[in-house]
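A.B. asks: Chain by chain, the residues:
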Amino acid sequence: MSTVIDAQLTQGARELLRRLVLNDERTVRTALEGGAPAFADTPVLDRKTEALVGLAALLSVGANATACRVAVEHARGARASDEELVAVLLAVAPAIGNARVVGTAPALELAMGFDETNRLD
Amino acid sequence: MALALQAPTARPPLPRKAMVRRPRLVRALRMAREVPLAVLVAPAGYGKTTLLAEWAREDARPFAWIGGGEVADGDSDVLLDAVATVLDELEPVDGETLDALSQREPFVLVVDDAHLLRPPSVRTLGVVAQLVGPGSTLALASRCEPQLGLGRLRAHRLVVELHARDLAMTRTEAAALLDKAGLAPDPRAVAEVVARTEGWPAALYLAAVSAKEQPDPALALTRFGGDDRLIVDYLCDEILGPLSRESYDFLTESSVLDRLSGPVCDAVLGRRGSAQLLRDLSRANALLTCLDRHDGEYRFHALLAETLKSELTRTRPERAALLRRRASVWHEGHGDMDAAIDLAVEGHDVQRSSELLARVGPAYVATGRAAALECWLQHFSADEVRASAGLALTAAATSLVDGDRNRIEQLADAAARALRRSGHDKHGSMQAGVGVMRALVQRAGAAQMGEDAASARRREADDGPWASLCVLVEGVSQHLLGHTEIAEPLLEDAARRGAQRAPIVHVLALAQLALLAIDREDWTEAATNATRARTSAEGAGISEYPTCALVHAVSALLRAHHDRVEDAQRELQQARRLLSMLADFAPWYEAEAKLVVAQAALRLSDVAGARTALSEASTQLRETPDAVTLDAWLEDAWARADTYAAAAVGGPSALTTAELRILRFLPSHLSFREIGARMHVSINTVKTQAHAVYRKLDACSRTEAVTRARAIGLLDG
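From first to last, the protein sequence lines stand for chains A and B.
Start counting the first sequence at -15; every next residue gets the next number (our numbering).
Start counting the second sequence at 1488; every next residue gets the next number (our numbering).
Everything labelled a hint here was simulated from the structure, so no lab data went into it.
Model, not experiment: these values are computed from the prediction.
Where hints are given, some of them may not hold.
To be verified - The following label-pair restraints were derived from C-beta to C-beta distances:
1) A/Thr33 <-> B/Arg2007: 33 to 41 Å
2) B/Asp2071 <-> A/Ala51: 25 to 33 Å
3) B/His2048 <-> A/Ala51: 36 to 44 Å
4) B/Arg1904 <-> A/Ala75: 45 to 53 Å
5) A/Val5 <-> B/Asp2071: 45 to 53 Å
6) A/Arg13 <-> B/Arg2007: 51 to 59 Å
7) A/Ala(-3) <-> B/Ile2170: 39 to 47 Å
8) A/Ala89 <-> B/Ile2170: 53 to 61 Å
To be verified - To be clear about the criterion: a stretch of chain B counts as covered by chain A if any three or more of its residues have a C-beta under 8 Å from a C-beta of chain A, and this derived list gives those stretches:
9) 2012 to 2019
10) 2165 to 2172
Here a beta-carbon is modelled for each residue, glycine too, at the ideal position from N, C-alpha and C.
With the hints as constraints, model all of the structure from the sequences given.
C.D. replies: Now the structure itself:
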């Protein structure tokens, strides 16, 4: 039975991806609103993972501290530790490169409520 | 028979431009039209003569004047001749002076400076008062109460009296006087100078003259004191100059005392008969005010006290120090610790201040009097405080109120060093104080906290000032370690010990007992302890101490359990507000309080608030890794929070402790940079946290955030 369900989930995920590739408006709108995907009855990613992934995305595009802060709050609200938050930056570092890592680290620091680097001025 | 030096005059003194009208006093005199005697008794400079002149201009009756100095050297016949002369100028009447009094048309006979008259002349005035006709009045102005049998006259309502307290200027009158003197001070400055001078008109005028000579008259006005040369000269001429040497020395030496009585003056000055001398000086109006109806206790006029103290310290500093120490010891022996400390602090006696403050410090903090301790400590420099074990320990104790961990640690360490230097490291009670404060804020965990507190307790006497706190900390340690059966009796003991002398220990122990009861699901007992804690905190005036946050958090949890939603929300808000005021206090305390906040928030379905509190508690629990009780609470609370589908992190209740701290500054005029300077954080941090505050309050600007915060009770006003 679980194999059947797994197969259904995989089919549902593949269809969702295809619709996004085709820029299906309704699918895109739903995706932008967030929330559980249509192909699953329960969240696929647990709350903490989802929050950390969201944070990773913000860090990757160089979001500022205010934007990162909401993501940090979501993550902490899902029991993410400070170590895990910093680990997100390390996880995306190889993909985003030196300049982006150094540029976005202060934003993460502020979003987490730390102040050490900013007091260097 | 001595002759008068000059012929008495029938005219009042001419009004001066700077005179301030005092209609309320004139009204009082005019309303006593049918009273035969009016007596104005006050020291020099209270405007008695000026008031009489104003009365003369307002009253329809003719006024006749005699200056006391004009007839001072004569006997009663000289006085009667003067009376006849001035009254005949108003209306010539045949017959003997006294017999003719009742035949005259209504008049007012003023005798100014009546204190200069000899007793027979004063008695003659008494006869005059009895014989004046209906509608006539004898008005006396004197610096001391005339011996006219005023007691009998008062009983028969035959006299109207105005004393110094009546003649003292109100703020309105003072403002008018200062305005006429060319100053236009704001109401606060007027209030300040009236308080300093106690409304004494001459002093107010001299304050104005002195202020005008200085670059910043407004500021100078508020700083006018008994060391200003103008008031010193005036006091010497009018009050101190006429005194005997004995009286002058007595007043100077007793100026170290705020409250004077026979026994304390005898003890401090090493003399006898002070009670009678005080009575005589008070009756002679040497600016000495009687504070009771039994001539038992007196005080100096503030300016006179300053002048005398300044003179004593300048001319005889060793004697001043000796007198203050004697007075401090006397007050301590009579149970007035505040007065004893005041004297030690005023004399800058570091050693004595240190001893006294170390003795009362814990009790004063525990009973809501930390502010008094801080006031006393401000008289000493930071170096002096750190170098003295008693002062450092007291300062550390006051920091317990705000939960300023760094300060507590630094001062406890300073106290320990001072004890070692003084060779008093065997001094049990102070060592206990140092030990228990270090135990509270150390970061080595709950077990270490308990051991340190137990060690401190062994150094302290069972009824010593630090004993109850030591027991409380031991009890908390056992509670955090999960040793309920050991914790409960300790906490009950702490509650009992604190009930009488240490309310802060009492309420925190009760809060912990309430939490123990909740753990075993005995909500009834929990509610009893929480209510007692809350009520005791209010009664002792310590419910606003930041370190009472736990009491409010427990109260919120219990009210939420009983579905008293509004009460619970109010208590929760209070707990959050107080937690935001703690300056990095003991991590176990903040973690415990935030876990209770989270539990209460969950019962109120405030998931966002609960998650915020839980994430903060998680961080703090890292520093108390062996607090198994709190770990269990944390897991339980997270599990319950996770059952909620909503993942929202917004809303006012989700404001973090740091964001609440920023919120408190937003109503001020301070820029973000200035706020950062005050909080020792960068402007970027302030900006980030402020933006988070705006978002959670659904506001787009600082003003809007402040308005929203006030509307929901997060800010006062």
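A.B. asks: State for each hint whether it applies.
C.D. replies: Quick rundown of the hints versus the structure:
no.	hint	in the structure
1	A/Thr33 <-> B/Arg2007: 33 to 41 Å	37 Å, holds
2	B/Asp2071 <-> A/Ala51: 25 to 33 Å	28 Å, holds
3	B/His2048 <-> A/Ala51: 36 to 44 Å	39 Å, holds
4	B/Arg1904 <-> A/Ala75: 45 to 53 Å	48 Å, holds
5	A/Val5 <-> B/Asp2071: 45 to 53 Å	52 Å, holds
6	A/Arg13 <-> B/Arg2007: 51 to 59 Å	52 Å, holds
7	A/Ala(-3) <-> B/Ile2170: 39 to 47 Å	46 Å, holds
8	A/Ala89 <-> B/Ile2170: 53 to 61 Å	18 Å, violated
9	2012 to 2019	violated (count 0)
10	2165 to 2172	holds (count 5)
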